[in-house]
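**Student:** Chain by chain, the residues:
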Amino acid sequence: MPLSAIRTVAKPQNGVGAFILQCKRLDFHYCDWAGSSRGMKKFIKTNLAIFAKRNPQIEITVSPRPNKHPVIIGHYINGRQKAICVRNMTNNEVKQKADLLRHASGEKLQRLNKPVMSLNESVRGIWSPFHGTKIQI
Amino acid sequence: MRRIPRPQRPIENLLPYYPSWRPRLVCFTGFPARYRFSPTSATFSSSTRYNGIFDGKPDKKKHQAMVRRWQKRLLGESEPIGAHVDPYDPTSPVRITPEEQGEEQEMLEEAEDGEGLGEYEEAVTWDGLEVVGGEKWAKEFNEWQKGDKLRGWEGSAYAPQTKVTEQSQLNNAFLRAVVETYMLIQAKQEPTLASHPERFSSEDPTWIYNVKLHAAPDGQLELNFPPEAMKEFLEEVNYREAKEQAVEEGLEEVVEEYIAEEVHAEAENSSHEPGSQSIDNAIAGSTDAVPTKAAALVKQNEKKPFDFMSNRPVPRAKREESTMTVDEVTETTTVNPESPSPTAELEALASTSEEAVATMRTAVRNAIETLAAQSISIQNPTVSEGPELVDYYEIQLTDPQIKFALSKRLLQLTSLRITDHLLNNSSTLGDLYTHLLAAAKPKPKKLIDQIRAEGEIQDKVKPGMEDLLRLPNVKLKDKRVTKVDKEREVGRWKVIEYALRERDLPVFTKDDVVEDRLKMERRKSRLWARAV
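Protein chains in written order, with UniProt numbering: chain A, 1 to 137; chain B, 1 to 532.
Just chain A, with the same shape it has in the complex (with noise of 0.2 Å):
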């Protein structure tokens, strides 16, 4: 009887074919006013064009917010949003939070207490007491 092959599956995993990047949509809010929004106003002059010509696959809205504190809200492809206020911050401050919700998926933030994350199963198989060395009184 003639073995048939292993059927190989393209493995449903973000990077391993094609990435695609978390983020789809990043809301810029600013004030006209408030003088916490100087950062994010300086930010948007002078970086947002080189940010948004480095990624476009993400849609950019740029929205004064009138007496509000000035934040970037992401949206991502699991369906949430994360927000991050950027009140008082500088030109440069705004550009390194607007690339940390770029880099984010829209998963919580979680503590990670384990060293790997894996979905292959061990290498070495789990412990039991049955099978090791033996301890002889």
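Just so you know, these hints were derived from the structure itself, not from any lab.
Every value quoted in this text rests on a predicted model; they were computed, and no experiment measured them.
Hints are all accurate, no fakes.
Calculated lysine-lysine pairs in the DSS-like style (CA-CA distance at most 30 Å, straight line): (1) B:K441 with A:K42; (2) B:K477 with A:K41; (3) A:K41 with B:K460; (4) B:K486 with A:K68; (5) A:K42 with B:K479; (6) A:K114 with A:K11; (7) A:K68 with B:K475; (8) B:K475 with A:K42; (9) A:K108 with B:K475; (10) B:K483 with A:K68; (11) B:K479 with A:K97; (12) A:K11 with A:K24; (13) B:K445 with A:K95; (14) A:K41 with B:K445; (15) A:K41 with B:K446; (16) B:K486 with A:K45; (17) A:K95 with B:K486; (18) B:K486 with A:K41; (19) B:K445 with A:K68; (20) A:K82 with B:K477; (21) A:K97 with B:K462; (22) B:K446 with A:K53; (23) A:K53 with B:K475; (24) B:K477 with A:K24; (25) A:K95 with B:K477; (26) A:K41 with B:K441; (27) B:K446 with A:K95; (28) A:K41 with B:K462; (29) B:K483 with A:K53; (30) B:K475 with A:K97; (31) A:K68 with B:K446; (32) B:K462 with A:K24; (33) A:K11 with A:K82.
Counterexamples of contact, computed for chain B against chain A with all Cβ distances above 12 Å: (34) W126; (35) P226; (36) R526.
Which bits of chain A does chain B cover? Going by a derived footprint, with three or more residues having C-beta under 8 Å, they are: (37) 34-48; (38) 51-58; (39) 61-71.
No residue lacks a Cβ here, since even glycine has one placed at the ideal position from N, Cα and C.
Following the hints, complete the assembly by docking chain B onto the known chain A.
**Tutor:** Same frame as chain A, now just chain B:
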């Protein structure tokens, strides 16, 4: 705290005097409780260590001796005035009022009764009385408090109240500033003299339009003007300023100096031909004559030495080479061979006495006038067509003094400021002109307007925020984004609106809110009208 009963009389006087027992008033403010001594009587008596000492005579004398010793040390041997005067003695001089002593007292001027008042009747109603209060009055009052801006009299204001925005007016103002400044430079005066505060005139003087501008190949500006223009201008600028200063300091010679200078400048301008060398030599040509003449002018008043701290400008020594060249001479003169002798004589006189200067001035003036009258060929002054004649961008601006003088004069004429940064970076007259036009345009306040304004500028080398307008993934919004806007984007709003109207529920969008509010207000007013 336990209340301690206060004795009626101070007990410290009854006690014997032991320094260790006596708490010193000053030291015990910060001490903790256990270090305090037994409570004493109230300190209302300002009890000092020496209280109780004045009972005995010798102690009083000792005390007075000590006081006198310290007075001598501090104030000298003489006794202070009023040392032995007892203020409580009814006959003491301290008690006599200054009025009785004969000193001058300031008294208020007593109002003379009945002047200008007539018969005074208290008003019963408010007809004809001044009304004070209300929004309009408050506004006027605030403006009055700020200061009388003298709206009707532009002349006294340093700069126009409203910024000049019209292109033609800006052009004229720029031309005027340039002409005035460069004329002063050509006359070897301070370029900022053009913007002296006394020189107000809302209308441009007509002679400015008779000045022709040229761009020299080395990048400097050349002016061609009739001499009367220069004379008129210098008089207006120098004489008034000089006279003011002279009046201030009481130095009339300054005025004469300036006039002599001005005449000097005139003479130079008018007698440019080599044929008229005699006049030049006589007046200014020879280098020997110049310093002596200048020195003579300065040393007029030997009683008053030269004051380095005063603002009086020192007449500068004449430079042989001048950066400004008068291209086309508007006046040519022929020399009268007999002229040298009287001028030389006059020159000799000038170096000796003060009065000779005045006579020299008048004589030279007369000489020039006679010479000028002999043969003059004046070119018809052409009306300069403004900036089209000369390209402002060709003329270099390197001297910060000239830049400053120009910007100051422009501020006076248009009340538009050119910032220091822009001034610093402008290297040609054209740059300055561009900055002036930019200053006249009101800057957009909103970020979205600024981005749009940037987008309109063409030929931009460095890309900036105007790219935001063109990028396909960027959306710029004018107004605040609301829930309704978000629903509209997705397409859900139509459905929501339909559902609300179906149920007779109010449908509010950003725009609708105002309309509904107005409707409600109108309904209310109708109700009120019915009730009344």
